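Could you build all of it, start to finish, from the sequences and the hints given here?
Listed below are the residues making up each chain.
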Amino acid sequence: MAHDRNGLRRPNDPPLLILTSLAESPKHGHALAKDIEAFAGVVLGPGALYGAITRLEERGLIEPLGAEDRRRPYRLTAAGSAALAEAVRDMRKIADVGTARLELATGGLA
Amino acid sequence: MNARALDGSRLLKWYPPRWRGRYGEEMVALMEDVLDGQAPSRRLRLSLVWAGLRERGHEAGLLGKTAPAVERARAGSLLVLCAWSVFMVAGISFAKITEHFGQVVPARNLALPNGSFDTVYVVAIVGGLLVVCGACVALPAFLRFLRDGGWPSIRAHVLRAAVSTVVFIGAGAALLGLADTLSPAQRNGGLLYHPVVWYYLLAVIATALLAALALGLWTVAAVVITGRLALGQPVLSVEAALAVGLSVAMFLMTAATAVWWGAIASSAPWFLQGIRPRQGVSAFSPTLLETIALMLVACAIAGFGVIRVARSWRDLRLA
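Chains A and B are the protein sequences, given in the same order. The numbering used here applies: residue 1 is where the first sequence begins, and numbers increase by one. The numbering used here applies: residue 1 is where the second sequence begins, and numbers increase by one.
Hints listed in this document are in silico derivations from the structure and should not be mistaken for laboratory results. Each hint should be verified, as a subset may be incorrect.
A partial selection of chain A residues facing chain B, derived with a Cβ cut-off under 8 Å [unchecked claim]:
(1) GLY29
(2) HIS30
(3) ALA33
(4) PRO46
(5) GLY47
(6) TYR50
(7) GLY51
(8) THR54
(9) ARG59
(10) ARG71
(11) ARG75
Subject to a maximum C-alpha distance of 30 Å in a straight line, what follows is the list of computed DSSO-like cross-link-like pairs (lysine-lysine) [as the list claims (entries may be wrong)]:
(12) LYS93(A) <-> LYS34(A)
(13) LYS13(B) <-> LYS93(A)
(14) LYS13(B) <-> LYS96(B)
(15) LYS27(A) <-> LYS96(B)
(16) LYS93(A) <-> LYS27(A)
(17) LYS34(A) <-> LYS65(B)
(18) LYS27(A) <-> LYS65(B)
(19) LYS13(B) <-> LYS34(A)
Away from chain B, derived, C-beta distances all over 12 Å, residues of chain A [claimed, not checked]:
(20) HIS28
(21) VAL43
(22) ASP96
Every value quoted in this text rests on a predicted model; they were computed, and no experiment measured them. A virtual CB, placed ideally from N, CA and C, is assigned to each residue, including glycine.
Spelled out as structure tokens, the structure:
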């Protein structure tokens, strides 16, 4: 699910999800959509998925491989790996602070 | 429905052609995988319309930051030009509404209506001059474009706009001829029981629509032409500055129009109803309200264009 029942948004930015998925291995559109749904619970429609793929390719963060029967896989570039690493570091910082403060407040996470 | 029979060209028709050429096939393949033989839902179709329009916005430099700064500045400036065209339609309406107000409003109350009207008038001239300046700045690039054989790619747009202008001028001349046969009261919409007054009103509406059509087609031609010109960074910087000035002009004129309405409402509301002076007359005028609404729409479009220009400004200066 993209949102939990308290309305707190989880990181569901399509470019970030695509980069995370491609960090495992190159994938084409349908494989990307299925993987993202499996690990993040986010269903990306074709329009949102290809909008994000277009922007990521324009920024040089992903690149296409040879087409396989009209299905073209994409893989991370070095710049894409660096961008993902930076985004993950930022998210971890927030997660670490949140975790530490919760432990202070409640004496441990449930 | 066969999965292979998905009509990709229809589903992706809202996307720009260049995008379809690059991503179309693989996106249709994705949809075939996702749908697995089912027909696309209305929700999916709508999401594709939205995504396609967004992609067109990106390609035109109106959305996102991936387009080069020069393209973003150009797109923002052209958006302001489109806003000016919309504003001109509202301006024509305002000119018609305000006809002869100086003869009706008591002289002691004329200062504010006159001042606000003159503000609209003078700022409109300044705005027109800014547009002319923008055209002059781009003229050398336009001449280079023509010398390099660019005419065939813009011919259809220019001819459409020229033909619509000729039709408008013809209709305007016919309208003037018809107006000469009417009394002042008939020209102002009085004596509606007379058939010729109805013909005259229809002719006025038709001529106004033709004027708006000609204006719109020239705007489209200007956008198409400017989109194809090789404009350098200095030229685009000047165009961007002119676009900002033009937007300020539109905001000023909208404010002055609202002031004019307020002034007339307090001093001579009967003028807005087209009746003789008397007490207790409403100052509400649907036509004036529509005119100001159109001005606000133009201002909103111009505001979006100016934000686009401003955000690309720094990159443009560094380019």
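For each hint, the structure was consulted:
For GLY29(A), the suggested interface contact is upheld, since its CB lies about 4 Å from the closest CB of chain B, less than 8 Å. Because the beta carbon of HIS30(A) sits about 4 Å from the nearest beta carbon in chain B, less than 8 Å, this interface hint is met. Interface hint at ALA33(A): satisfied, since its Cβ lies 7 Å from the closest Cβ of chain B, which is below the 8 Å cut-off. Against a cut-off of 8 Å between C-beta atoms, the interface hint on PRO46(A) holds, since the closest Cβ of chain B lies about 5 Å away.
Hint status for GLY47(A): holds, given a least beta-carbon distance of 3 Å to chain B, under 8 Å. Look at TYR50(A): its Cβ gets to within about 5 Å of chain B, closer than 8 Å, so that hint holds up. About 5 Å separates the beta-carbon of GLY51(A) from the nearest beta-carbon of chain B, less than 8 Å, and the hint is met. For THR54(A), the interface hint holds, the least distance from its beta-carbon to any beta-carbon of chain B being 7 Å, beneath 8 Å.
Evaluation of the ARG59(A) hint against chain B yields a held restraint, the C-beta minimum of about 6 Å falling below 8 Å. For ARG71(A), the shortest C-beta to C-beta distance to chain B is roughly 5 Å, which falls under 8 Å, so the interface hint holds. The beta carbon of ARG75(A) is not positioned within 8 Å of any beta carbon in chain B (closest approach about 15 Å), and the interface hint is therefore violated. Distance hint between LYS93(A) and LYS34(A) is fulfilled; the C-alpha atoms sit about 28 Å from each other, no more than 30 Å.
Of the supplied pair hints, the one linking LYS13(B) and LYS93(A) is violated, its CA atoms being roughly 43 Å apart against a limit of 30 Å. Between the alpha carbons of LYS13(B) and LYS96(B) the distance comes to roughly 41 Å, so the proposed pair goes past 30 Å and is violated. Simply put, LYS27(A) and LYS96(B) have alpha-carbon atoms about 62 Å apart, too far for the 30 Å limit, and the pair is violated. Under the criterion of a C-alpha separation no larger than 30 Å, the hint pairing LYS93(A) with LYS27(A) is consistent with the structure, at around 29 Å.
For the hint pairing LYS34(A) with LYS65(B), the CA-to-CA distance comes to about 29 Å; that is within 30 Å, so the pair holds. The hinted pair formed by LYS27(A) and LYS65(B) meets the criterion: a straight-line CA distance of about 26 Å does not exceed 30 Å. Between LYS13(B) and LYS34(A), the direct Cα distance comes to roughly 26 Å. Compliance with the 30 Å bound is thereby established for this hinted pair. Against chain B, the non-interface label of HIS28(A) is violated: not every CB pair exceeds 12 Å, the least being about 7 Å.
With 12 Å as the threshold on Cβ separation, the claim that VAL43(A) sits away from chain B is violated: the shortest Cβ distance comes to roughly 10 Å. Every Cβ of chain B is farther than 12 Å from the Cβ of ASP96(A); the closest lies at roughly 30 Å, confirming the non-interface assignment.
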